[in-house]
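Asks: Spelled out, the chains give:
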Amino acid sequence: MTAALQIVFDALSLGGLYALGALGIALIFGVMRLVNFAHGDFIAFCVFAMLWPSINAAAIVFAGNLPFYLLIPVLLLVGAALSMLSEVVVFRRFRNANPATMMIASFALGFVVRHLLLMLYSSRPKSITLWPSLGLPVEIFGARIPMLQVVTIIITVAVLAVLTLFLKRTRYGLEMRAAAENFTMARMLGVRANNVILLAFAISGMLAAAIGLILATNSGTADIGMGANVMLIAFIATVIGGLGSLPGAVAAGFLIGAASVVFQATLPHDLRVFRDAFVYGAVIVVLLVRPQGLFAPKSAKQRV
Amino acid sequence: MTLLAVDDVTVRYGRLTALRGITLAITEGEVLFVTGPNGAGKSTLLNAIAGVVPPISGAITLDGANVTGASPEQIARLGFSLVPEGRNVFAGLTIEENLKVGAGMRIDKHKVAGDLDFVYREFPMLAERRHTAAGMLSGGQQQMLVIGRALMASPRLMAIDEPSLGLAPKIIDQVYDILMRLRAQRTLTLLIVEQSSTRAMMTGGRMILMRGGRIVLEGDARDMVKDKALKQAYFGFGDH
Amino acid sequence: MSQRPSVMWRTIATPIVLIVVLLAIAALSYQFGSRAFNRTVVEMLINIMVVTGLYVFVGNSGLLSFGHISFMCLGAYMTAWLTIPPMMKSVTLKGLPTWLLHAQLPMWVATPISGALAALFALVVGRVIMRLSGIAASIATFGLLGVVNNVYSNWDSVTGGQGSIVGIPPTMNVWVGWLGAAVAIAIAYLYSISRSGLALRATRDEAVAASASGIDIVRERLIAFVVSAFIIGLAGALYAHFLSIVNPGAFYLRTTFITLSMLVVGGMYSLTGAVTGVVVISAAIELFRNLEKGISLDGLTLAIPNGVQEIAIGIITIVILMFMPTGLTRNRELSLSGWPRRRRLLQPVQPALKESN
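Those sequence lines, one after another, are chains F, D and B. To convert, note that position 93 of the first sequence is 93 in my numbering; the numbers rise steadily by one, no gaps. Just add 1000 to the spot in the second sequence (first one is 1) and you have my numbering. Just add 2000 to the spot in the third sequence (first one is 1) and you have my numbering.
The shape of chain F in the complex, shown without the other chains:
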């Protein structure tokens, strides 16, 4: 029973992380048809924003020393600012470009950000301790669950709830959903294009910061490539969920997280190293059966 509970919590927290990543991609894709390949590097940037630039293995934390009620908002702001800056400086010029051009531009941006971090911090992972008390286990129905996992799940659920409320109940949320369906039509009804897009980028940036915080707390390190693992799965999740569908991206994120954890628990010992290969195999099976994704959005036009 306790083992099963442990698996459930593992699945929910890992799935939640993937879901948040997929959401960050899906939001921007919805309004701009842009796949932001720089997202993983934004995650890393947010984490490194807490440290002074140095090539030492022991990080000199500056912002990271702030108490949590200051650190979290500051980091969310950093994420939002970086994301919005990238929109204004780079992506705005590509508003009407073809999708291939936009994808390469975002890939290039990620490349630049990554190498900027490399230049300032070197490729050596730095140790960083944030809220070590979160590593302690908490007793839930007899199972000992790391506190951080519980917090991750709570954060994910809270983010999803807030975002859903925002999208369904506020004027700006409504405008964003309308713009995602038909951008030009929305503009003709007075929806301000720039504001909607900036908002999508801001939210996406905050999600990146949140993921960064969770990863940094979990692993105790700051590593240039730390966003890449989550984002690899997050991208796959957006495809499986159905490009353009927000609930699809979230659901797919949880599904892949669950699959990963289940494989980890049920595979025979020597095959455990190949757990990732099994997860990818499962992804391939899903794509063979439903190439358009699990939740292809209703406004799907003739697709070739």
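Worth flagging that the hints you see were computed from the coordinates, not collected in a lab. We put the CB at the ideal spot given by N, CA and C, even for glycine. The reader is advised that the hints may include incorrect statements.
What the hints assert, rightly or not - If the Cβ cut is set under 8 Å, some of the chain B residues that face chain F in the computed set are:
#1 R2131
#2 S2138
#3 I2311
Unchecked claim - Covered stretches of chain F, as calculated for chain B (at least 3 residues, CB under 8 Å):
#4 94 to 108
#5 123 to 129
#6 148 to 154
#7 230 to 236
#8 286 to 293
Position chains D and B against the provided structure of chain F, taking the given hints into account.
Replies: Then chains D and B, alone, in the frame of chain F:
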């Protein structure tokens, strides 16, 4: 009072010239029909006024303000609402949400609820399904929805591109009924692209005939339509 | 098809001119260049192979692929397995099957086999990926890159994990490099004038009309995917001989970005663009490399900090995309009658990618 003035406007799509030196004026309260064969530039004219395509040359003035090259959202805020061809409902949003999108930019927020009631009264079939996703509606219902949605923006000039396309005659009757009633009740100025000359004749008003990106004829709708020789020369495909 | 000879006559100038120009570069480098410069030229020629392979798929289908460097990885490791002396393999790569452990083939045999392996792999994964819609397919290729890198980084007994495997015979020089580039250009050219290439370009420009004409989009995309994988697999094999070592890190994000950047800067939809982009970016990289080493002026060494090289390439790519989205060659092909040829390739609007999903 001239509500909209288009002055020698030329629009190009790459190397294709879609509008050549178009000049026209719309007075407040009138109904102006735009007709002509396919490819004449009728939709482009509406898109240019809406700010979707910027003119290469010329000027567009809306209610005295120069809107040449302005963005669609700015032009919408000045009192212009375009209902494009093809009933572009926001399929994933409900009817009520579709209607509310148009009202978002309005400054007179206290009037929005009243306008919503008005739309539901004029279009009872929308009121019945206000929480249904717009993608599930029939063609006629969607046409009503997009007109209602444009109304929620409280425009002074409403342009509609091909309101009868793909609809049964009885539904088209209803659509025009409502349009004329709205015009009377809300002092709405109408600019309608309509391939059916019969409709124009039945409704009355002014008409311009476009061909190859130019305005080739202008006049009273009824008079123009009755002149058979003109019809044959320019319409080619006979009566609708 | 009676059409084919006339198409060839009109367009064969392009690959011939490109191959001759590259031959000239190789000869000049061999004759006058330093050892280091020759190595740079070899690397450039290998990149030409990769980017040409990339062009075969991206240029003809209109779909962007982030996963092609995984084919380079496959080709490189296959060559490593086939050419490293058995004694070394039995120490470091114990997990290899016995026939592979005992194998030691010359470069001329191992290279085509490596290409074939990459092509076979592309055939298998392509069946899944090519059924996805345009943008989803591009994302899936990104996933492919990650998956292959993941597997090769962790399967220690077979790939040596994240470390490097040494021992590949260093048999590369500018002539072999030129030969590789020539072969790549030839294959790419023959593919693009083939019926399949033409059909695929039809889907690139007008997806719905092409489908209505009976073109099987999935099949045509798959063919291009496999051909491009073969070329890039060959490039991977030669790269292994060039470096004499392989490790998974060499076939991941940096190489993916640099090669994509070369294609895009040159012009995504033309063979000339592919080659031009490589030459231009290679020159830029060389320039920055020297700037990072520093210029000595009167005993003072002026140098730009390390790492600026990559940042500069990234920024250059973004800027070129902003102002010249069709690349430096504007998607036109090189010909004997000068540049540019009047018979222009239409700017593709890319309906292949303009789907709502």
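Asks: Please go over all the hints and tell whether each is borne out by the structure.
Replies: Evaluation of the provided hints:
For B:R2131, the suggested interface contact is upheld, since its CB lies about 4 Å from the closest CB of chain F, less than 8 Å. Interface restraint check for B:S2138: the shortest CB-CB distance to chain F comes to about 6 Å, inside 8 Å, so the restraint holds. About 5 Å separates the beta-carbon of B:I2311 from the nearest beta-carbon of chain F, less than 8 Å, and the hint is met. Given a C-beta distance limit of less than 8 Å, the hint that chain B covers the region 94 to 108 of chain F holds, as 11 residues qualify and 3 suffice.
Given a C-beta distance limit of less than 8 Å, the hint that chain B covers the region 123 to 129 of chain F is violated, as 0 residues qualify and 3 are needed. Only residues whose C-beta sits within less than 8 Å of a C-beta in chain B count toward coverage, and the region 148 to 154 of chain F has 0 of them, not enough to reach three; the restraint is violated. A count of 3 residues in the region 230 to 236 of chain F with a Cβ less than 8 Å from any Cβ of chain B is obtained; the coverage claim is therefore met, three being the minimum. Only residues whose beta carbon comes within less than 8 Å of a beta carbon in chain B count, and the region 286 to 293 of chain F has 5; three or more means the coverage holds.
The structure is inconsistent with the numbered hints 5 and 6, although it conforms to all the rest.
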